[in-house]
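Protein chains: 2
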Amino acid sequence: MKSTTCNNLLVSVVADVGGTNTRIALIKDSKIQPDTVKHYANDNFISFDQLLESYLKAEKIDRCAAACIAIASAINGDSATLTNRDWLIDKNAIKRIAACDSVILINDFEALALSLNHIPESDTIRLFEGTASSINTSQAKKIVLGAGTGFNAAQLSNTTHSTIKQPTPEQYNYFVSCAECGHITLPIENAQELKLRDALALKYTRASVERVLSGRGLLQLYQWLCAENQQTEKYTSAAQIALSACNKDDPLTRQAGELFCRFFARVAGDLALAYLPYGGIYLSGGVTRGLTPLLQSSEFIQNFTAKGRQTELMKSFNLYLITSDNTALIGCLAALTYAKEIH
Amino acid sequence: MKSTTCNNLLVSVVADVGGTNTRIALIKDSKIQPDTVKHYANDNFISFDQLLESYLKAEKIDRCAAACIAIASAINGDSATLTNRDWLIDKNAIKRIAACDSVILINDFEALALSLNHIPESDTIRLFEGTASSINTSQAKKIVLGAGTGFNAAQLSNTTHSTIKQPTPEQYNYFVSCAECGHITLPIENAQELKLRDALALKYTRASVERVLSGRGLLQLYQWLCAENQQTEKYTSAAQIALSACNKDDPLTRQAGELFCRFFARVAGDLALAYLPYGGIYLSGGVTRGLTPLLQSSEFIQNFTAKGRQTELMKSFNLYLITSDNTALIGCLAALTYAKEIH
Numbered sequence: 000m001k002s003t004t005c006n007n008l009l010v011s012v013v014a015d016v017g018g019t020n021t022r023i024a025l026i027k028d029s030k031i032q033p034d035t036v037k038h039y040a041n042d043n044f045i046s047f048d049q050l051l052e053s054y055l056k057a058e059k060i061d062r063c064a065a066a067c068i069a070i071a072s073a074i075n076g077d078s079a080t081l082t083n084r085d086w087l088i089d090k091n092a093i094k095r096i097a098a099c100d101s102v103i104l105i106n107d108f109e110a111l112a113l114s115l116n117h118i119p120e121s122d123t124i125r126l127f128e129g130t131a132s133s134i135n136t137s138q139a140k141k142i143v144l145g146a147g148t149g150f151n152a153a154q155l156s157n158t159t160h161s162t163i164k165q166p167t168p169e170q171y172n173y174f175v176s177c178a179e180c181g182h183i184t185l186p187i188e189n190a191q192e193l194k195l196r197d198a199l200a201l202k203y204t205r206a207s208v209e210r211v212l213s214g215r216g217l218l219q220l221y222q223w224l225c226a227e228n229q230q231t232e233k234y235t236s237a238a239q240i241a242l243s244a245c246n247k248d249d250p251l252t253r254q255a256g257e258l259f260c261r262f263f264a265r266v267a268g269d270l271a272l273a274y275l276p277y278g279g280i281y282l283s284g285g286v287t288r289g290l291t292p293l294l295q296s297s298e299f300i301q302n303f304t305a306k307g308r309q310t311e312l313m314k315s316f317n318l319y320l321i322t323s324d325n326t327a328l329i330g331c332l333a334a335l336t337y338a339k340e341i342h
Numbered sequence: 000m001k002s003t004t005c006n007n008l009l010v011s012v013v014a015d016v017g018g019t020n021t022r023i024a025l026i027k028d029s030k031i032q033p034d035t036v037k038h039y040a041n042d043n044f045i046s047f048d049q050l051l052e053s054y055l056k057a058e059k060i061d062r063c064a065a066a067c068i069a070i071a072s073a074i075n076g077d078s079a080t081l082t083n084r085d086w087l088i089d090k091n092a093i094k095r096i097a098a099c100d101s102v103i104l105i106n107d108f109e110a111l112a113l114s115l116n117h118i119p120e121s122d123t124i125r126l127f128e129g130t131a132s133s134i135n136t137s138q139a140k141k142i143v144l145g146a147g148t149g150f151n152a153a154q155l156s157n158t159t160h161s162t163i164k165q166p167t168p169e170q171y172n173y174f175v176s177c178a179e180c181g182h183i184t185l186p187i188e189n190a191q192e193l194k195l196r197d198a199l200a201l202k203y204t205r206a207s208v209e210r211v212l213s214g215r216g217l218l219q220l221y222q223w224l225c226a227e228n229q230q231t232e233k234y235t236s237a238a239q240i241a242l243s244a245c246n247k248d249d250p251l252t253r254q255a256g257e258l259f260c261r262f263f264a265r266v267a268g269d270l271a272l273a274y275l276p277y278g279g280i281y282l283s284g285g286v287t288r289g290l291t292p293l294l295q296s297s298e299f300i301q302n303f304t305a306k307g308r309q310t311e312l313m314k315s316f317n318l319y320l321i322t323s324d325n326t327a328l329i330g331c332l333a334a335l336t337y338a339k340e341i342h
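As they're listed, the protein sequences go chains Z and G.
Using numbering that gives the first Met the number 0, the first residue of the first sequence is number 0, and each one after it goes up by one.
Using numbering that gives the first Met the number 0, the first residue of the second sequence is number 0, and each one after it goes up by one.
Okay, chain Z solo, but in the shape it has when bound (with noise of 0.2 Å):
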């Protein structure tokens, strides 16, 4: 039914390949189709190639204008292979399953800072209204920072000779950086907490930041409590963790909960000293959603704003937290227009 219509070359496809699950749509009139957005498991594909394939079918599609993949994963110029899962995405693979010319494939968290000027705010929730809130903010420099099967994070700039003289609109250029934020220094600011340092260094040789901001990094957080107190493991994963946390049906859930918020607290405002985002700070990520709650106390704004001489700078950011799990599709999009804006 709704996708016969779309059978012609104004249809485009975008999907955003994760670890675990994928998420993909298809585009037309410059919009996401909202009945097109599908979530799958890829353990029950063997390949992107099969996944993209029985997913056009089901919609009917046998040829699109263009197609946007972002990939949690480096590209690698035509071609991409997932961090965790022998998945290869190549360019021309996707040309022709998708009958298109157009091949973009960009990172997960390039995708990501592209959707920042474009996501909806009914996928947002404020966290922290900052006092750059009250001056125009549109044009400034945006972060993303997301904890899921890793942390990592993203800048969006608008950028000209900005620094030097007020530049007109059409003078703005929207830049993606890339990081590798996970692997910074974990960092820690007591006794308990070198312990818990110690303990992830023990077992991973050295503690970086997504040691315990990440999926895997909230088990170990809930283990490690659990070995600290002498108490059974109750639950088995980040998921289960998270909720528990939330319902503050366990003592040790709950802790962990809150010293992932407290690290993640401090990362984000370390972070936001490095890149002085005045267009605002969204956090994303499977296991950031999973601990909304704890994420709305004010001990995390308290922790994000502790710079001590820095920290009425710290209180003029906002901060958001992306709600909806489908931001990445929205950054292809992005990106699609603008590799059309500069053929």
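Any copy, or any two copies together, can satisfy a pair, since identical chains are not distinguished.
With a straight-line cut-off of 25 Å between C-alpha atoms, the simulated SDA-like cross-links for lysine to any residue are: (1) K202 with Q301; (2) K140 with G76; (3) K202 with Q309; (4) K314 with Y203; (5) K339 with A139; (6) K140 with C177.
I should point out that these hints are in silico values taken from the structure, not numbers from a laboratory.
Start from chain Z and add chain G according to the hints.
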């Protein structure tokens, strides 16, 4: 002798106003005139206006084409107040003194970042040759990190929609992004460092990066080591401590210098992960230069690249030490040139 020939509208003035010293020079034919470069101790003047007036008089310049002043402080529209000296630097006063219409005020780290595409090779020492040297890095992102009166960093990006397709050279914009990296959490990794962190936090409420990575920070490290080792302090300034550390004539100054460099390497590595500066990392600042032989040691590089699974990535970055104290003046010249281009 030298300046009478400059006494026309083709001469511009550039200055770099730090907390302690001011560097100032004249520009002619888009070049800094080496014999006009002067360093002044701010203590000898009651204001920047007096310093500028006195300099221009000595150089026999009664009129400039333009002025660009880099200031160790945030710029508030048309003026700036030095962070650690009650000097107000105001555009209108400079216009009057230099008899010019065009005055640019920029932050000193903005000036340093703007200089990065223009520093002569003779003004740098390569501390590490990264594997990224083999690819074209001239248009890749560069960062500058500086330890002096305080600590900070800035990014110089070459921007376009470059994440999407290969841009042509004329599509590039040079874009500087500022930061407040001195206030990031001091990254500690062991019990000795936690003890230092606690001592700094006791004194300053909080232990941020610049409590160690600055002139005063090096003095703090030395004083803390003296107290820990129940030794009398023999040195009272960062310059003395750095000199003694380089001469290896005192075990405690040596330890202070090594601890400083260990933190510098760790912080530089963390910021490299946040910024991914494939175009190079430039270390700047007075304290930094004072510890040159320690920064040239293999231990410094080892600490810089010690990021677990990302060690190979870390080895891709070029690391340079800026040996000149006049680099911000080159950035001021770049700012004047860019401003002219977009007029």
